[in-house]
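There are 2 protein chains.
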Amino acid sequence: MTQRIWNFSAGPAVLPESVLEEAKNNLLSLGTSGIGILEHSHRGKAFLAVYEETEALCREIGGIPSNYKVLFLQGGASSQFYQIPMNFLTKDRTADYLVTGVWSEKALEEAVRFGGTHTACSSQDKNFSYIPHECSFSANPVYAHYTSNNTIFGTQWQSVSAAPGMPPVPANVDLICDASSDIFSRPIDVSKHAMIYAGAQKNLGPSGVTLVILRDDLVERGAKDLPTMLQYRTHAKNESMYNTPPTFAIYLVGLVLKWIKANGGLAGVGEINRRKAGKLYAYLDQSQLFKPTAASDSRSQMNVTFVTGDADLDAKFCSAATKSGFDGLKGHRSVGGMRASIYNAFPEAGVEALIGFLQKFEAENAKA
Amino acid sequence: MTQRIWNFSAGPAVLPESVLEEAKNNLLSLGTSGIGILEHSHRGKAFLAVYEETEALCREIGGIPSNYKVLFLQGGASSQFYQIPMNFLTKDRTADYLVTGVWSEKALEEAVRFGGTHTACSSQDKNFSYIPHECSFSANPVYAHYTSNNTIFGTQWQSVSAAPGMPPVPANVDLICDASSDIFSRPIDVSKHAMIYAGAQKNLGPSGVTLVILRDDLVERGAKDLPTMLQYRTHAKNESMYNTPPTFAIYLVGLVLKWIKANGGLAGVGEINRRKAGKLYAYLDQSQLFKPTAASDSRSQMNVTFVTGDADLDAKFCSAATKSGFDGLKGHRSVGGMRASIYNAFPEAGVEALIGFLQKFEAENAKA
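For the record, the sequence lines run as chains H and D. Here the working numbering is used: position 154 in the first sequence is 154, and no number is missing along the way. Here the working numbering is used: position 50 in the second sequence is 50, and no number is missing along the way.
Heads up, some of the hints might be wrong.
A pair holds if it fits inside one copy or across any two, identical chains being indistinguishable in the list.
Here are the simulated PhoX-like cross-link-like pairs (lysine-lysine), alpha carbons at most 20 Å apart as the crow flies [what the hints assert, rightly or not]:
hint, residue 1, residue 2
1, Lys106, Lys224
2, Lys45, Lys330
3, Lys323, Lys45
4, Lys126, Lys24
These are calculated hints, taken from the structure and not from any lab test. These numbers were taken from a predicted model, which means no experiment stands behind them.
When you get a sec, could you build the whole thing from the sequences and use the hints?
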């Protein structure tokens, strides 16, 4: 069997090995059913049990109140970018967007088609290297939308003492969160949100399924003259089975949720993630060669971005890393340098191995 | 290892065992990459190779001309039901729909939102038990839409001598086909269509990916004021990677296409499918207990629907079948009775086993 390497991919990303082993064991027969997990009808008892368990685990782990629907949709966060304003925004209203990176910008661009928009804050002036301290909301926004973690720029809304990381939004504003790159990586207060959505391929499972957590009144409030598939109520009424759902992706999300539960739930994985990122930032902060690109009060625990300041040396590092079994460290072109994506399933041992490799590279390439 | 049973599910459906074995072997490491197929970045070399091979195989097997795009989208056929009229139909134009079942009806219902529609034919008068012989098209339809195989009612547009099964549409009309339940189960003439689409979960792979084959001029012609994700040009320009595609589902489609190729391509699997369905219909035609529900000139090679004429006896049969390892034979509530879905990957030996079981049940339950 091939040795697994350290996979720092920004998504699709590494999954827990135990999850992959479990999936492997159920590919030709789910349990003793004699039918593989990929082959079960979504209307059959076997898959319905998988679905119900996955939804229940999601509610338990996320502390999702009973007045929220949990939906498993297709099309990724990119589809939510337009589906949200299509359902909730009208020409006579304004939606507020907190712009902290490329994905927030894309969400805003889609909203413009449907009604008024207001940029409540933006960190574009410094290439999105920080999370703004202050926001200015419009008078009566139909909702405020933010991106909890910025995959490309390595920034994240910070948790303050026990309070989950989120923007300072007035209590009466319906807050919508794109949590694609940090969903269930730390405690989250669902009740302070009107909606949370996330493509699964970073912290929850494979690509091809989007988790949507939506308060009941939003389900009811959505526009009624939309195509059936684009109305949240269609999926809410049919428990995500109006049409054939991505069954295998949902099954894998269920396995990952079990793994999160076994690791202490959101508090447990949150602590591990804090430790993993903490070790890496601690090394980078004292390094003479590498330096983090995100403002120190805005650092992401999921995507750690750093540079040497010399593009050629960055390239040399990435090439050497790949050869030594550290894959996917090349930074996004918008930032350059390196990016270590260390989502939930990325092992602490891999972070330690990376630090060792960084130290070795630094020693060999010490500045003159 | 658990014995696999005969899976007659209408979708998600049985996959070739060799495909499942191959996927199983690549779950923890795709080849020698050290990263599982689920965990590879969609932008990385390993997955791009998978993607390119899958697209090339699709073009080769389907005989897809170079002026067609091959896209792998999300949201199932149900999303195409609205996306097609949203892109191509306008208030001042008419689209023609050939209504041969529930899925055609749903496609038509979504089109009504966007412009004029005309029902070119319908078999609703006899509970969709036949394929109409005649169609009456409108003067200048923007397109004509048909469902090549009707999963629920067990009917299919018939192939006539060597000509692939399709409706008698005037040559100048842009023909769009929902081929979800018979895609690549027999030869198809792509060049006679403007667009062919299919959810993968019956003949091509798992649920969660939709194959869309689209002529270049339609890509260009589509409405330009739509959300980015809903414009076909977005996906055409970005080779289905504008956003993160369902990587594992695409990989599995590639494996299934290799299996189709190894089985003689569309001519080869078409011959096997004709033989499988032929054996089952031959038994049903001479049976004193069971009778097929579809008109004899409209029978599907994919979904064989039949009844005893006695709902209690149907239920007794389904229950006995399940106990004997024949799963998923209960018919859709719109038709009642039984449905044997015998897509590409359903083995001929399973059809023979079912015939044996039907004979045994008939002998034990002979009409007085």
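Now for the hints, and whether the structure bears them out:
no.	hint	result
1	Lys106 x Lys224	between (25 Å within a copy, 17 Å between copies)
2	Lys45 x Lys330	between (44 Å within a copy, 13 Å between copies)
3	Lys323 x Lys45	between (47 Å within a copy, 15 Å between copies)
4	Lys126 x Lys24	neither (45 Å within a copy, 46 Å between copies)
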